[in-house]
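Colleague: The lines below spell out each chain.
There are 2 protein chains.
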Amino acid sequence: MAFNLTILGSNSSIPTASRFPTSQLVEFNSSYYLLDCGEGTQIQLRKYRIKIQRIRAIFITHLHGDHYFGLFGLLGTMHLLGRNATLDLFAPPELKEMIELQLKVAKTKFQFELNFHPLTFGESKVIWEDDQVSVSTIPLQHRIPCNGFLFREHSHKRRIKKEALDTFRVPLQKIPKLKEGADYVTDNGEVIKNELLTHDPRKSFTFAFCSDTKFDPSIVPYIKDVDVLYHEGTFLESERERAHKTFHSTAAEAAEIAKMANAGLLIIGHYSARYSSIEAHLEQARKVYKSTELAWDGRKFEFRDNATG
Amino acid sequence: MAFNLTILGSNSSIPTASRFPTSQLVEFNSSYYLLDCGEGTQIQLRKYRIKIQRIRAIFITHLHGDHYFGLFGLLGTMHLLGRNATLDLFAPPELKEMIELQLKVAKTKFQFELNFHPLTFGESKVIWEDDQVSVSTIPLQHRIPCNGFLFREHSHKRRIKKEALDTFRVPLQKIPKLKEGADYVTDNGEVIKNELLTHDPRKSFTFAFCSDTKFDPSIVPYIKDVDVLYHEGTFLESERERAHKTFHSTAAEAAEIAKMANAGLLIIGHYSARYSSIEAHLEQARKVYKSTELAWDGRKFEFRDNATG
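Protein sequence lines correspond, in order, to chains A and B. My numbering puts the first residue of the first sequence at 1416, with every later residue one more than the last. My numbering puts the first residue of the second sequence at 1416, with every later residue one more than the last.
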């Protein structure tokens, strides 16, 4: 298993020269997924030498501009560079109208198929499955309808106990079934329980993306024991009231959520442009939850698990 | 007179990490005007430390994304930073619908007045006048309706010949009228011709912005003797056929237009992303018209005229 997360933009609504608005690239093995697409995302993708045509699907949390104003340009560039693979786009329904209007006035038609999936809000449901992952929504509380996204690597197969295969003289062609959990029935009709022949599967890797949300413990059940949690931490504690008024979180509140969810790692971002340095965000979050890291533009988090599946 | 032109983006539809899509900031004395607003314009404005709230009016040539996808984000930032001065926006009519749709889904209302001026196409007309400049459209030939813009500094007043004032004993209170071209009539009814008392006014400074256009000599009358001409030069001569097919120009064609128009200085830009270096553009253009310079992101052209008005 290989999971990589590249931060393409780490700021909130007002970008600075070094902190672009929200966008992140998720890689599960060789599959690319884009989460949100703030202005300049395609420029960041180029800067960090990420092949844009490898992006299989794009997920937009909500329609505040700092989370999607880069989408139109990115789609246009995919088209101009000759994409022909289908692109799946998950977003609030109104985005379709915007894309269509923009194409109409430009007298342009994408040469690839854009498969638009309008999202609903307020509940968690599975919206995407491919050979690598399943993705479900996380209902977030923001000023306008907003979904977070939970990526879950597919369930792994049970792992064969090599010594047991010898002990019970299991023919090799039975192995695929054993990995799926079947018992082994000998030619004499004797049943050897699967647990004797296999170890439990490796835990599926999970990543949760909670883009814009007020402090809301009701999301914890959806992200319980997540391996990596990205949770916005727009403000410092001194602006806690402002955070609540604008349906955002402080860094420490993000850490509270991570603690309740028992997240393996918390990554915070979506910093207000008022902060030229973001060190205090880290400090305040780590006081609550030690396993916290900062998002910053270009930072790449890499997770490898070499256990056999 | 002070005229500054800052290149905010110099590339065509596909940006690179160092060449953003089209946008230019024009300064006439202390007044700021923005020409086109490709994706990332607000980031460039910040990078080059240009105060965005000083922008008085924005002019959009046409609705291909590389000329306006940065507008939504820029307007949003103006709003978030507390703008209250009216902003005048000149653009193709459909842009209004896009802005309104985007505001509706974001549940946002600008706190400043956005004065939208829908433009028509195919003829030259004056669309804006303020205390510094008048702006008129230049009909360009592109794949979709497109206007160039001609900025003309206001006519200057005639310049007093100081020695003549003494000779003819002109009272000081007559000077304002003389500057406007009036003759001086003495108490005895004698008429002293204005030409004896004043020099011709300084020539008004002019700047033409021809964003996306095929090679089209029919624009020459509109830009004749312009001081500074920006004309796109997307391609090199080797791609001349591609330039014609896509309603763009080569660098040499831009230079042909500058030559016909007798432009003081030609600036070329809007480079195709296929060129990693743009030196050949300069070389090919200068073979046709020596007074040519390259646009590149962050380059600032400054013109000063200290003659009294």
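There could be a bad hint or two in this list.
Identical chains blur together in the list; that is why a pair holds if it fits in one copy or across any two.
[To be verified] No farther apart than 35 Å at their CA atoms in a straight line, the calculated lysine-lysine pairs in the DSBU-like style are these:
1. Lys-1519 x Lys-1589
2. Lys-1608 x Lys-1522
3. Lys-1660 x Lys-1618
4. Lys-1660 x Lys-1540
5. Lys-1660 x Lys-1466
6. Lys-1466 x Lys-1519
7. Lys-1462 x Lys-1524
8. Lys-1592 x Lys-1462
9. Lys-1522 x Lys-1511
10. Lys-1576 x Lys-1629
11. Lys-1462 x Lys-1589
12. Lys-1462 x Lys-1511
13. Lys-1629 x Lys-1592
14. Lys-1524 x Lys-1660
15. Lys-1674 x Lys-1522
16. Lys-1715 x Lys-1522
17. Lys-1511 x Lys-1705
18. Lys-1524 x Lys-1629
19. Lys-1702 x Lys-1524
20. Lys-1522 x Lys-1660
21. Lys-1639 x Lys-1522
Just so you know, the hints here were simulated from the structure itself, not pulled from any lab data. Being a predicted model, the structure only gives us computed values, none of them experimental.
Colleague: All hints are to be evaluated individually against the structure, with a verdict given for each.
Modeller: How the hints compare with the structure:
no., hint, in the structure
1, Lys-1519 x Lys-1589, "neither (57 Å within a copy, 59 Å between copies)"
2, Lys-1608 x Lys-1522, "neither (64 Å within a copy, 59 Å between copies)"
3, Lys-1660 x Lys-1618, "neither (39 Å within a copy, 55 Å between copies)"
4, Lys-1660 x Lys-1540, "within (28 Å within a copy, 47 Å between copies)"
5, Lys-1660 x Lys-1466, "between (39 Å within a copy, 28 Å between copies)"
6, Lys-1466 x Lys-1519, "both (27 Å within a copy, 34 Å between copies)"
7, Lys-1462 x Lys-1524, "both (27 Å within a copy, 34 Å between copies)"
8, Lys-1592 x Lys-1462, "neither (46 Å within a copy, 60 Å between copies)"
9, Lys-1522 x Lys-1511, "both (16 Å within a copy, 17 Å between copies)"
10, Lys-1576 x Lys-1629, "neither (47 Å within a copy, 71 Å between copies)"
11, Lys-1462 x Lys-1589, "neither (49 Å within a copy, 63 Å between copies)"
12, Lys-1462 x Lys-1511, "both (28 Å within a copy, 32 Å between copies)"
13, Lys-1629 x Lys-1592, "neither (46 Å within a copy, 66 Å between copies)"
14, Lys-1524 x Lys-1660, "between (41 Å within a copy, 17 Å between copies)"
15, Lys-1674 x Lys-1522, "between (51 Å within a copy, 32 Å between copies)"
16, Lys-1715 x Lys-1522, "between (38 Å within a copy, 33 Å between copies)"
17, Lys-1511 x Lys-1705, "neither (41 Å within a copy, 48 Å between copies)"
18, Lys-1524 x Lys-1629, "between (39 Å within a copy, 21 Å between copies)"
19, Lys-1702 x Lys-1524, "neither (51 Å within a copy, 38 Å between copies)"
20, Lys-1522 x Lys-1660, "between (42 Å within a copy, 15 Å between copies)"
21, Lys-1639 x Lys-1522, "between (47 Å within a copy, 32 Å between copies)"
In the structure shown, a violation is registered for the earlier hints numbered 1, 2, 3, 8, 10, 11, 13, 17 and 19, in ascending order.
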